[in-house]
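A.B. asks: Going by the numbering used here, the sequence shown opens with residue 838, and the numbers climb by one from there.
If you're looking for bench data, these hints aren't it; they were derived computationally from the structure.
Remember, predicted model here, so these are calculated numbers, not experimental data.
Ideal placement from N, C-alpha and C gives every residue a C-beta, glycine not left out.
Check the hints yourself; a few may be wrong.
Claimed, not checked - Ranges between beta-carbon positions, derived for each pair:
1. R1196 x A1264: 58 to 66 Å
2. T883 x R1196: 25 to 33 Å
3. Q1122 x E1201: 45 to 53 Å
4. V1087 x K956: 56 to 64 Å
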Amino acid sequence: MPRVVIVGGGLAGLAAAAALGQSGFEVELFEARPVLGGRATSYPWTGPDEQPRLIDNCQHILLRCCTNLLDFYERLGVADRIRFYREFYFIEPGGRVSRLAGGRLPAPWHFTGSFLGVKFLALADKLAILRALAAVRREYPARGELERMTMLDWLEEKRQPARAIDRFWRQVLVSAVNEELDRMGARHGLQVIWLGFLASASGYEMGVPAVPLGELYRAEAWQRWERVELRLRAPVERVLFDGKRVVGVVWRGATATADFYILAVPFERLPALAPELGIDFDGWQHSPITGIHLWFDRAVTELPHATLLDRTIQWFFNKAGGRYLQVVVSASRKLIELERSEVIELARRELEEFLPGVRRARLEQAHVVKELRATFSALPGIEERRPPARTAFENLLLAGDWTRTGWPPTMEGAVRGGYLAAEEIAAACGRPARFLQPDLG
838 MPRVVIVGGG LAGLAAAAAL GQSGFEVELF EARPVLGGRA TSYPWTGPDE
888 QPRLIDNCQH ILLRCCTNLL DFYERLGVAD RIRFYREFYF IEPGGRVSRL
938 AGGRLPAPWH FTGSFLGVKF LALADKLAIL RALAAVRREY PARGELERMT
988 MLDWLEEKRQ PARAIDRFWR QVLVSAVNEE LDRMGARHGL QVIWLGFLAS
1038 ASGYEMGVPA VPLGELYRAE AWQRWERVEL RLRAPVERVL FDGKRVVGVV
1088 WRGATATADF YILAVPFERL PALAPELGID FDGWQHSPIT GIHLWFDRAV
1138 TELPHATLLD RTIQWFFNKA GGRYLQVVVS ASRKLIELER SEVIELARRE
1188 LEEFLPGVRR ARLEQAHVVK ELRATFSALP GIEERRPPAR TAFENLLLAG
1238 DWTRTGWPPT MEGAVRGGYL AAEEIAAACG RPARFLQPDL G
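Put together the whole structure using the sequences plus the hints.
C.D. replies: In structure tokens, the structure reads:
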């Protein structure tokens, strides 16, 4: 059976390894860090109480429409560690809560009753949003200009009120695509709305890992495939080329060889690793995510999660009976220059406006994680510049959320990238296989 070397142990590399390993290929994966998962992982942290914990770098979630990510979890045997919720909670400053959930009507009408009943939008806002949702059905994916306009341009074209933009569209889309509306390509935004909220009645359901992210990729999950070898703390320094083929990768002074190679690394690493590819990343940008971990001396909420309106912090997730919250700020450029203590104080101060229990609680410890290169920035025009899995070198493939996956920069997009690269290898070996799962609806 052909041998494959994969460089990068993020979700794209792991997805390719799982698909190929399950199909009988011999796989050797190299990851520079001591943990798997890339930007969606966990690491040990010890706070002031000197109690070691395994914490996520940031809370990552998925929707039921993330069919390939769910397939990847099924392959690893960890799909039962994802807890799904059928409701979203929107909280206004002052603490008023609105609940949005699917009902008995078929898609795309399943939100109608719940949406009309939410309190954080005026009737005029709701009617404007419904008109725009109808336009999403008409224009995605048929309208070509979506590639060149921002999501904010599209919303203004559809005459969305400022309150509807701030309290609905921004809350949903900035978290999903990790970019601000005035920088986000409209096609990416409309895709999230279509697949997550309109195409099927279950696509919106939110999955939250019930365990630290790193446990989803635990070593035991890979033991079912004897031909898959994972090498941690094994940075690859260089890809070796000979004509139109790759002949090896250099790591720790040694050379690993294979029949096929997959580079599943962040796009900014590619020019140093394989300059022969000649891919132009000029103008590509990153968008950051900030995760804020807060431990209180008592429970401050009973809600499992909520999106928070009109403030900097966007979501919280209840991780331990209301005493441990993970707070998330996507596209968090405004927080990058702030000191750790300033970020913590901002999060606590704003949470007090939504959760009265925070005012009565003592913050025992806190931790801040700034992922400066969390995702590529889904700018207008970027889609045509995303490279496909295949390269000019016959045995070299690319994988990652930044490749031409058909999805925004998400965990789903990363897994799709890995599956697409694996499909190319399987086809080249005369054993065509379909790893990519169809979208819901």
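A.B. asks: Kindly indicate which numbered hints from before are broken by the structure, ordering the numbers from low to high.
C.D. replies: Violated hint (a single one): 3; every other hint is consistent with the structure.
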